[in-house]
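Visitor: Here's the letter readout for the chains.
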Amino acid sequence: MDRISLSTTHTGIPTARPASLDVERSGDGTLVLRLGGDWLLRGGVPSAEAVEREFVSPPRVQRMTFDSSALGAWDTGLLTFLTSLRPLLEAHGFEVEREGLPEGVRALMALAEAVPEKSDARAEGIEHGVIERIGETTIEIGASLSEQLEFVGSATIAFGRMLIGRARYRRADLMLQIQQAGVEALPIVALVSFLLGLILAFVGAIQLQAFGAQVYVADLVGIAMARDMGALIAAIVMAGRSGGAYAAQLGSMNVNQEIDALQTTGVSPLEFLVLPRMTALFLMMPLLSLYAAAVGILGGAAVGTGMLDLSLTTYYQQTVAAVGVRDVLGGVLKGGTYGILIALAGCLRGMQSGRSASAVGDAATSAVVTAIVAIITAAGVYSAVFYVLGW
Amino acid sequence: MIQVHADDPITVRDLTMAYGSFVLQRDLNFAVKQGDIFIVMGGSGCGKSTLMRHLLGLNEPAQGEVFYRGESFTRAEPERREEMLRRIGVLYQSGALWSSMTLAENVSLPLGEFTDLAAAQQREVAALKLALVGLAGFEDYYPSQISGGMQKRAGLARAMALDPEILCIDEPSAGLDPISSRLLDELIVGLRDSLGTTFVIVTHELQSIFDIGSNSVFLDAETRTMTAMGPPKELRDRSDDPTVRRFLTRGEVVSV
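Protein sequences appear in the order of chains A and B.
Just so we're aligned, residue 1 is where the first sequence starts under the numbering used here, counting upward by one.
Just so we're aligned, residue 1001 is where the second sequence starts under the numbering used here, counting upward by one.
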C-alpha cells in the first residue's frame, strides 16, 4: 500500500512535474500506456482521448497494460483518468491489465469497482412534456389542497377539545407562546404601523391640501388604520415573525423525530404543539391590531400637527368623530382571523416539512408566503363582504 | 402464512412496506415471543427502521397486518391504537427528546398523561428512571445541554417511564462509545430479566447482536424480503444463506 493517503502524497513537493502520457503500440496489438510525472488533480491530467484514437486506427488493440515506472506523485486525478477508460474498454470487450500500476492505485480501483453500480439508483433524467407537467402539477395541487383541508379540520377538532377541556397541552407552553406573540412583538409592530400611519397621512395630505381639506387627513388615517391597515400590517409582521418561526420549530422537531415521539407516546402533536401556537396568535392578534391602529393614528397625528398645522386637539376630535365602534370591531375581527391563518400556515408547513436542514428552510419560507397570501385573500373577502353589508 | 397467537407480544403477518410504488420489503412474517430480545438486522437501507415505524403505526402497511397480543393493530380504531401504543416504549435513533423540556419533564410527560400520580411523585419516578440510565442529577438539564450519548440514555429513561411491556429501540449503540454501548446492552438484559420486558431492537452492531439477541430476523436489501430468522448465533453458524452468514461474520465467510 504505497501512497494510499491521497491528500498527503504531494505535500512537501512545491513544484509538481506535469503529468505525461505516452501511448505505445507493439506489434501484437498490445497498447502500453506510459504514465510519467505527477498525476495530480490541481495540476491537471491528460485526457483519455489519445487512448481512444488508438482504438480507432487499425490494427485492432487486443490488450492494454500500464508502465508507471516514471510516475511521480498521484491522487484522485489518476483514478478519474483510469475510470474514464472503463466505458472504452467495455465497448471493446476486454479487461485491462493493471499489474503495471502502483499497488495503491490498484487497491483503490478494486474498491471503487467492488460494488456494482445500482442501475435504478441514478436520478431519472426523463424530460416531461408540457401537458404531462400540467397534469402532474394539477394532481399535486389537488393533493396539497386536501392535505390543507384535513389539517384545518383536525385543528378545528383540537380547538373544540380545548374548549371542553379535553385537549392535552402544557399551560406553560401556551403562556410562552402568548408572551412571544404578544409582548415581544410590540416594538416591531409599533415601528411599522407608526411609519404606515405617517405614509397614509402624507398621501392623503397632498390630495386634500388641494381642496383646503387637510383636516380630513385625520379621518383618512383613523378609518384606514382602525378598519383595515392596523390588522393587516400587524398580520404581515407576525407572519414573518411567528409564522416562519413556527414552521422552523415544528420542522426541526420533525427532523429530530420529536413529533414521532409525541405520537407514539399517545400525545397528539396537533394538540400539544399546534394548539398553543394557534391559541396564542388568535388571542394576541386582535390586541396587536388595536395597538397597531392606535400607533398608526399617532403617526398620522405627527404629520397632521407637524406639517399641516393642525392642533393635536383638532386632530384628536376629528379622529374620534370619524372612527366608529364598528370600524374598531371590524379591525379586531380581522386581526383574529389573520392570527388563525398565520398559525395554521406556519404549523401546517412545519408539520409537512421534510427531514433535512434545507427542507426546514423551505418550510419556513413557504409558511410566510402561504400566510401572506391567505391574509391578503381574507382581507379582500372581508372588504367585499363589509361593503355589501354596508358596515 | 403465520399463525397469530394471543400470547405473542408482536406478530407481523404478510407485511409489505412501500413508499409510493417503491416496495421496500415484502412478505414479512414473524412473531416476537414474550421476553425475547428480538433483533431486526440487515444492511443499510434495507428498511429496518421503516419496519419499526410500521410496528408503531407511524407508517401504514401497503399490505399485511401487525398484531399485538393477537389483536390487529393495523385495523384498530385510532383510540384503540393509542391504548395499544401505551404498552410500548420507543427509543428513537437520536433520542428524540422534546427539546423545549428538561429531562425530568421529558420523562414525566407520559406519566402525567396516563397515570394519576401527583406532580411530586412524577418527579420522583422521573428521577428514578434517569438514575437507572446513569443520569442521576441531570433532571433539570435541557436536551441541548447534554451529550449525544446522554440524550440517548435519557431517551431510554423516557421510553421506560410507563414500564412498557415492549420496548422498541432504533440503533441503540449508534453514537455511543464501546463502554456505554456495553452498559446499555447490560441494562437491556437486566430489564428483560427483572421486568420481563420484550425488546425489539433495530441494529447492525454485531457485538450486541450476539451478546443480547435471543431471536432475530434478517431483512435482505437485494431480494427485498426477510431471508432468515432465528437466534443470531445459530444463523451465523448454520444459515444456508450466504448473505446472512457474510453479514454475521463481517464478510469473512464468502461461500458456504
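Incorrect hints may have been included.
[To be verified] Computed from the model, here is a short list of chain A residues facing chain B with C-beta under 7 Å: (1) 65; (2) 256; (3) 258; (4) 260; (5) 264; (6) 265; (7) 266.
[Claimed, not checked] Here are some chain B residues the structure puts well away from chain A; computed CB gaps all over 10 Å: (8) 1053; (9) 1096; (10) 1231.
The set of hints was computed from the structure by calculation and includes no laboratory data.
Model, not experiment: these values are computed from the prediction.
Beta carbons are placed, not taken as given, at the ideal position from N, Cα and C, and that holds for glycine.
Visitor: For each hint, tell me whether it holds in the structure or not.
Guide: Evaluated hints:
1. 65: Hint violated; residue 65 of chain A Cβ to chain B Cβ min 29 Å, cut 7 Å.
2. 256: holds (6 Å)
3. 258: holds (5 Å)
4. 260: holds (6 Å)
5. 264: With a minimum Cβ separation of about 5 Å from chain B (threshold 7 Å), the hint on residue 264 of chain A holds.
6. 265: Holds. Min distance 5 Å.
7. 266: holds (5 Å)
8. 1053: Violated, since 8 Å does not exceed 10 Å.
9. 1096: violated (4 Å)
10. 1231: Residue 1231 of chain B is indeed farther than 10 Å from all Cβ atoms of chain A, at 28 Å.
Figure legend: structure checked against the earlier numbered hints; hints not met, in rising order: 1, 8 and 9.
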